[in-house]
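Number 43 in this note's numbering belongs to position 43 of the sequence shown; there are no gaps in the numbering.
Derived by calculation from the structure, the hints in this document are not laboratory data. Please note: incorrect hints may appear among the correct ones.
To be verified - Straight-line alpha carbon distances no greater than 30 angstroms define the calculated DSSO-like cross-link-like pairs of lysine-lysine that follow:
1) Lys127 / Lys138
2) Lys226 / Lys79
3) Lys268 / Lys164
4) Lys291 / Lys226
5) Lys291 / Lys127
6) Lys127 / Lys268
7) Lys226 / Lys294
8) Lys268 / Lys79
9) Lys79 / Lys138
10) Lys268 / Lys138
11) Lys86 / Lys291
12) Lys268 / Lys87
Stated by the list, open to error - So the derived label-pair ranges between C-beta atoms look like this:
13) Pro170 / Tyr192: 29 to 35 angstroms
14) Arg185 / Thr98: 18 to 24 angstroms
15) Thr199 / Val90: 25 to 31 angstroms
16) Ala36 / Pro128: 31 to 37 angstroms
17) Phe255 / Glu292: 17 to 23 angstroms
18) Ile214 / Tyr192: 53 to 59 angstroms
19) Phe211 / Ile153: 38 to 44 angstroms
20) His130 / Pro78: 18 to 24 angstroms
21) Ala36 / Pro181: 26 to 32 angstroms
22) Phe204 / Lys291: 17 to 23 angstroms
23) Lys291 / Pro128: 18 to 24 angstroms
Backbone N, C-alpha and C define an ideal beta-carbon position, used for all residues, glycine too.
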Amino acid sequence: MDGANHSMVTEFVFLGLTSFWESQLLFLFASIFCVASMMGNSLIILTVISDPHLHSPMYFLLANLSFIDVGVSSVTSPKMIYDLFKKRKVISFGGCITQIFFIHVIAGVEMVLLIAMAFDRYVAICKPLHYLTIMSQKMCILLLVAAWIIGLIHSVIQLIFVIKLPFCGPNVLDSFYCDFPRFIRLACTDTYRLEFMVTANSGFISLGSFFILIVSYIFILITVQKQSSGSSSKALSTLSTHVMVVVLFFGPCIFVYIWPHSTSHLDKFLAVFDAVLTPFLNSVIYTFRNKEMKVAMRKVFSQFIIYRRIS
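Build the full structure now, drawing on both the sequences and the hints.
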């Protein structure tokens, strides 16, 4: 089939989530956690910006991670919630491509940010005397720019091949959002090589990055154990926070893109977990396991209350 391809399919139909969950319960669950996630991560960003004590490389990276998590909550969750009570759940071809693009840009940026945060902790714990020299403002900006460039490349490289695929039907996606694996299988051509490329690009990169991060945290942990108990306890608390966030982010990604016998129900559960729960849990983990963040947030709340009273 030639380049006049996907004019035959102008929209895709989602089967959604109601086949295995009650709509009302899921609507309540998704709405609460989506709103809580966006508010929690927005509060982290506001707190880091407004408190001078948090103007450090670690909190700069944390604020950008929270910004990305706001994006995670905005890409798929609103349409999922909107579609829950609709009998026919549809998305245009262009809307589907746009959703895929932003999903993978955000995932790529978050992956690099988590690696950058691990590097920041390595320098802070293993090379404390050189920390401010290595993790300078210029370095932080370079890491952020690199994260966005890598995220864009990661997404665009796959889309270049996928957008040219011929789609002549069927147009039903057994999901509540668009992503490469199920989207590619609807093409009217052999997609074996393309599916392998997507697995290599998203799956193996996620797996490799996950192992690199875990090995780096183990190395940092060994260094921490050699230090005094006072400094090591704080470092261990920070490390455990980072490890939890890394597992929450990479776990569903690795399973969805690499596991050969994935099931529809399990994939949907992991997708909901990744889109709705993970951004919320990230904000909770970084807030309640960080004393400086809790103190700074109390200051923000008190300033807000004072401002409201004056006004």
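Here is what the structure says about each hint:
1. With a C-alpha separation of about 18 angstroms, the suggested pairing of Lys127 with Lys138 holds against the 30 angstroms cut-off.
2. Restraint check for Lys226 and Lys79: the C-alpha separation of about 50 angstroms exceeds 30 angstroms, so the hint is violated.
3. Annotation: proposed proximity of Lys268 to Lys164 holds, straight-line Cα distance about 27 angstroms (limit 30 angstroms).
4. Our distance criterion of 30 angstroms between C-alpha atoms is met by Lys291 and Lys226, whose separation comes to about 24 angstroms.
5. Using a Cα cut-off of 30 angstroms, the hinted pair Lys291 and Lys127 holds, with the two alpha carbons roughly 23 angstroms apart.
6. In summary, the hint linking Lys127 to Lys268 is not supported, as the alpha carbons are separated by about 43 angstroms, beyond the 30 angstroms threshold.
7. For a cut-off of 30 angstroms, the pair hint linking Lys226 to Lys294 stands: about 29 angstroms separates their Cα positions.
8. For the suggested pair Lys268 and Lys79, the alpha carbons sit about 15 angstroms apart, so the restraint of at most 30 angstroms is met.
9. Simply put, Lys79 and Lys138 have alpha-carbon atoms about 38 angstroms apart, too far for the 30 angstroms limit, and the pair is violated.
10. Annotation: proposed proximity of Lys268 to Lys138 is violated, straight-line Cα distance about 41 angstroms (limit 30 angstroms).
11. For the proposed pair Lys86 and Lys291, the alpha carbon gap of about 44 angstroms is over 30 angstroms, so the pair is violated.
12. Proximity of Lys268 to Lys87 is assessed by CA-CA distance (about 18 angstroms); at most 30 angstroms being required, the pair is judged to hold.
13. In this structure the supplied range 29 to 35 angstroms is violated for Pro170 paired with Tyr192, their Cβ-Cβ distance being about 19 angstroms.
14. Evaluation of the 18 to 24 angstroms hint for Arg185 and Thr98 yields a pass: the beta carbon distance comes to about 20 angstroms.
15. Our hint of 25 to 31 angstroms for Thr199 and Val90 holds, since their Cβ atoms are close to 28 angstroms apart.
16. Here the CB-CB span from Ala36 to Pro128 is close to 36 angstroms, well matched to the stated 31 to 37 angstroms.
17. In this structure, Phe255 and Glu292 break the distance hint of 17 to 23 angstroms, their C-beta atoms being roughly 34 angstroms apart.
18. The hinted window of 53 to 59 angstroms between Ile214 and Tyr192 is violated, with their beta carbons roughly 31 angstroms apart.
19. The supplied range of 38 to 44 angstroms is broken by Phe211 and Ile153, whose beta-carbon atoms lie about 21 angstroms from each other.
20. Checked against the given bound of 18 to 24 angstroms, the beta carbons of His130 and Pro78, roughly 44 angstroms apart, lie outside it.
21. About 29 angstroms separates the C-beta atoms of Ala36 and Pro181, a value consistent with the hinted range of 26 to 32 angstroms.
22. As the Cβ distance of Phe204 to Lys291 is approximately 38 angstroms, the hint placing it in 17 to 23 angstroms is violated.
23. Remark: the range hint 18 to 24 angstroms for Lys291 to Pro128 is upheld by a beta-carbon distance near 19 angstroms.
Of the numbered hints listed earlier, those contradicted by the structure are 2, 6, 9, 10, 11, 13, 17, 18, 19, 20, 22.
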